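Number of protein chains: 2
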Amino acid sequence: MKELILNLIEQGKYADAKNEIIKMNVVDIAQLFEELEQQKLLVVFRILPKETAAGVFSYISNDLQRYIIESITDKEIKTILDELFFDDAIDFLEEMPSNVVKRVLKNTDEGTRKLINHFLNYPEYSAGSIMTIEYVDLKKEMTVVQAIKHIKQTGIDKEAIHTCYVTDEFRKLEGVVSLRKLILSEDDVLVKDVMKTETIFVNTHDDQEKIAALFKKYDLLSMPVVDNEQRLVGILTIDDIVDIIDQENTEDFEKMAAMQPSEEEYLKTNAFVLAKHRITWLVILMISATFTGNIIRKFDAVLQSVVILTSFIPMLMDTGGNAGSQSSTLIIRGLALGEINLKDFFRVLWKELQVSLLVGTALSLLNFIRIYYFEKIDFYVSVTVCITLFFTVILAKIVGGILPILAKRIKVDPALMAGPLITTIVDAVTLVIYFSTAKILLGI
Amino acid sequence: MKELILNLIEQGKYADAKNEIIKMNVVDIAQLFEELEQQKLLVVFRILPKETAAGVFSYISNDLQRYIIESITDKEIKTILDELFFDDAIDFLEEMPSNVVKRVLKNTDEGTRKLINHFLNYPEYSAGSIMTIEYVDLKKEMTVVQAIKHIKQTGIDKEAIHTCYVTDEFRKLEGVVSLRKLILSEDDVLVKDVMKTETIFVNTHDDQEKIAALFKKYDLLSMPVVDNEQRLVGILTIDDIVDIIDQENTEDFEKMAAMQPSEEEYLKTNAFVLAKHRITWLVILMISATFTGNIIRKFDAVLQSVVILTSFIPMLMDTGGNAGSQSSTLIIRGLALGEINLKDFFRVLWKELQVSLLVGTALSLLNFIRIYYFEKIDFYVSVTVCITLFFTVILAKIVGGILPILAKRIKVDPALMAGPLITTIVDAVTLVIYFSTAKILLGI
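Protein sequences appear in the order of chains X and F. Using the numbering used here, the first residue of the first sequence is number 3, and each one after it goes up by one. Using the numbering used here, the first residue of the second sequence is number 3, and each one after it goes up by one.
Just so you know, these hints were derived from the structure itself, not from any lab. Be aware that one or more of the hints could be misleading.
[Said to hold, decoys possible] Some but not every residue of chain X turned toward chain F, in silico, with C-beta under 10 Å:
#, residue
1, K20
2, I185
3, L368
[Claimed, not checked] Keeping only pairs whose Cα atoms sit at most 25 Å apart, straight-line, the calculated DSS-like set for lysine-lysine is:
#, chain 1, residue 1, chain 2, residue 2
4, X, K154, F, K25
5, F, K219, X, K218
6, X, K154, F, K4
7, F, K151, F, K194
8, X, K25, F, K300
9, F, K151, X, K194
10, F, K141, X, K25
11, F, K141, F, K151
12, X, K194, F, K108
13, F, K20, X, K183
14, X, K219, F, K219
15, X, K154, F, K52
16, X, K52, F, K52
17, X, K151, F, K77
18, F, K219, X, K20
19, X, K345, F, K198
20, F, K108, X, K378
21, F, K141, X, K154
22, X, K218, F, K25
23, X, K52, X, K25
24, F, K141, X, K212
25, F, K198, X, K198
26, X, K219, F, K141
27, X, K4, F, K219
28, F, K183, X, K183
29, F, K4, X, K219
30, F, K142, X, K198
31, F, K142, F, K108
32, X, K183, F, K25
33, F, K183, F, K219
34, F, K198, X, K25
35, X, K198, F, K108
36, X, K219, F, K183
37, F, K212, X, K154
38, F, K4, X, K345
39, F, K108, X, K4
Being a predicted model, the structure only gives us computed values, none of them experimental. We put the beta carbon where it would ideally sit given N, CA and C, even for glycine.
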């Protein structure tokens, strides 16, 4: 299919190509566009039906969007803008440089221009910046048949008509009613008798993380957005929320791996930007490893008398790090999904204590068998290593379990704080336990 | 609100409590239920309108579901089952022990029983196990007005009527049409003229990860599921997909932190199960740290002549581990979101090489200043540490970048393989570089 179309375009048979292309989903057409030469792309873009062209436009990369806007006429810009869903238009404009935005705004009527400018001023990641204004509003005194007629008249340009919003004369939100409910109700029932009044809504300035949590909690398909005077100003739809969920998850992955979160795709980010996002934490962690170095230097008499002790340092540190990150990952994830709350502090502490006793005992015994019986290491050295291992696992799991909750309590992002700090704490304490035990047991 | 209701229940004023409860969202009622005493819960459950009761039932925990089913009469079971959406009923039955399932099935008619048994046999995480059968099907020769009439007659029990499915006489899927499109079309237009025929669908046995990816790619709200003969057997809706996206992400988090993935919530899992999920990888990693120990023992002459070298081992290992996990996290995430593919191997390699040269140079220089000028460490020791640091960062980033892609190429889960293996490889190679450089530069 794709090969065929590319061939037709190659041969200049644009009309034939168009007939094949319009059978495809706009998402797939957008993918095809990314592979075309720019001049050919422009020809194909221009022969597409305007509705399809607008759909494709909202799915292509920012670079291609910019190229197209800079290559087409003002009249064509206006056509695309009229066809684009409002929130897609905002998404696109947010990514464009100011000269492109200016040129696009020049080609819209004054009302739209004002509205777009208003939208571009909402804080990033807020409900206002994600919402669409293309919703259907009804009045509560309408009958079902009037409501459906109103939807038929005004719904054609609306992105979401599955849920309709009931507002009063001051545009204040009074309730919601699904198209399903309207269709299934008798013709002469009033909207106010079928609408739901306990509506879940957000404010324009609410953060996307909160919004995504509400969508998930209540299994919503859309949600109204109101301003500070409770007036309905837009709606959020589930398809945008799915993207946000992925974005928030990516952010957590990046923070837990000690990076500054980035919105750009990896392959589209240049090496300098990638390096910048990574170096801050590497420097902080490198410098904090000075503590560990100092501890080793303080105990170098111990290491010099029993050289073999050094060879267990990597194993002890790695196991501590792994044990701690297991716990912190589970807790950070639980906090993010709302499965664990601040009040669960002592439950988490107790659970991690139990788990760490089990895991610590098992690992220590196994390790003792391994190093004393198989590697024939001195008995007291083996005991020293295993005692340290036992306490390291307990410490790592408890620190890993409670640090994310403490972070959240002092309103620091758990993902950001926990990972790096845990390693440093666990490393340092492990070494102190190791050398102190060695001093006592080996009589150094 | 919640306090008020709890008070009313406490005082035995159930009718008043009911009046307050029915104003709430079923999700919130379910949360309230988790806080009630069991006998009181049963009273409240029984006085709720049956539709609300079924909604609440689908949101409470498995323990409560089981308690309720075991406490109510057969007739009540039948009522709940009739009201539950089919996919919620399946979700609930999948979690129940077989005696409860038997009792529930006893209270359904034969057709439903067969259907439920059929559903319970789909592989876990497959489209068949997630789908619902409550969809509206239309025929292509219907007019719009006939179609809407059909929806009105049959839609009342359907979970999703926003998208309708057009099937032929053999139940084969022919196309989809949205309720929106039907409402906005003229009365006498035929369904076949407004339906979309290039439908995105999945097979009953397709995995949920693939399904979630399709929903995201095409911004779908629902998707048809067909059997091997292309017959429509059910539909998937976006609210279930949102849960799956979170579930898949949690799995990746757990695998990357060296744990066996688990579906249970943390607080609901007992310590033995948690310990079991964590210990396997800890043992594997502990044993693989033997390599690092052996390397240190092999070079103990070096450490004994220049004791200070030991104190930099933790810093070198930690920085290597952090640098590697930064890279592997970005690549694993990119692979999971489909932003990076197998064919990008060399692009990733090249990018990580550039980033690691930048980061490695910066870290080494910074570290040299820190240890030579501030900590007054010997010049050649400082150089040894910094050279090792430089190569460790490069190695860690390249291994972290390409290992996940290699894992995917040999069809191993990148999240599972990459994290643990990277640490072991980087640790071992770092130490070899460190001691070799020391031998040359310090003339040991």
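Do the hints match the structure? See the list:
| no. | hint | in the structure |
| --- | --- | --- |
| 1 | K20 | violated, 16 Å |
| 2 | I185 | holds, 6 Å |
| 3 | L368 | holds, 6 Å |
| 4 | K154(X) x K25(F) | violated, 31 Å |
| 5 | K219(F) x K218(X) | holds, 19 Å |
| 6 | K154(X) x K4(F) | violated, 41 Å |
| 7 | K151(F) x K194(F) | holds, 16 Å |
| 8 | K25(X) x K300(F) | violated, 67 Å |
| 9 | K151(F) x K194(X) | holds, 23 Å |
| 10 | K141(F) x K25(X) | holds, 22 Å |
| 11 | K141(F) x K151(F) | holds, 13 Å |
| 12 | K194(X) x K108(F) | violated, 41 Å |
| 13 | K20(F) x K183(X) | holds, 24 Å |
| 14 | K219(X) x K219(F) | holds, 23 Å |
| 15 | K154(X) x K52(F) | violated, 34 Å |
| 16 | K52(X) x K52(F) | violated, 49 Å |
| 17 | K151(X) x K77(F) | violated, 43 Å |
| 18 | K219(F) x K20(X) | holds, 23 Å |
| 19 | K345(X) x K198(F) | violated, 51 Å |
| 20 | K108(F) x K378(X) | violated, 64 Å |
| 21 | K141(F) x K154(X) | holds, 23 Å |
| 22 | K218(X) x K25(F) | holds, 20 Å |
| 23 | K52(X) x K25(X) | holds, 15 Å |
| 24 | K141(F) x K212(X) | violated, 42 Å |
| 25 | K198(F) x K198(X) | violated, 32 Å |
| 26 | K219(X) x K141(F) | violated, 36 Å |
| 27 | K4(X) x K219(F) | holds, 18 Å |
| 28 | K183(F) x K183(X) | holds, 17 Å |
| 29 | K4(F) x K219(X) | holds, 18 Å |
| 30 | K142(F) x K198(X) | violated, 34 Å |
| 31 | K142(F) x K108(F) | violated, 38 Å |
| 32 | K183(X) x K25(F) | holds, 18 Å |
| 33 | K183(F) x K219(F) | holds, 22 Å |
| 34 | K198(F) x K25(X) | holds, 10 Å |
| 35 | K198(X) x K108(F) | violated, 36 Å |
| 36 | K219(X) x K183(F) | violated, 29 Å |
| 37 | K212(F) x K154(X) | violated, 36 Å |
| 38 | K4(F) x K345(X) | holds, 18 Å |
| 39 | K108(F) x K4(X) | violated, 53 Å |
Consistency note: the structure conflicts with the earlier hints numbered 1, 4, 6, 8, 12, 15, 16, 17, 19, 20, 24, 25, 26, 30, 31, 35, 36, 37 and 39.
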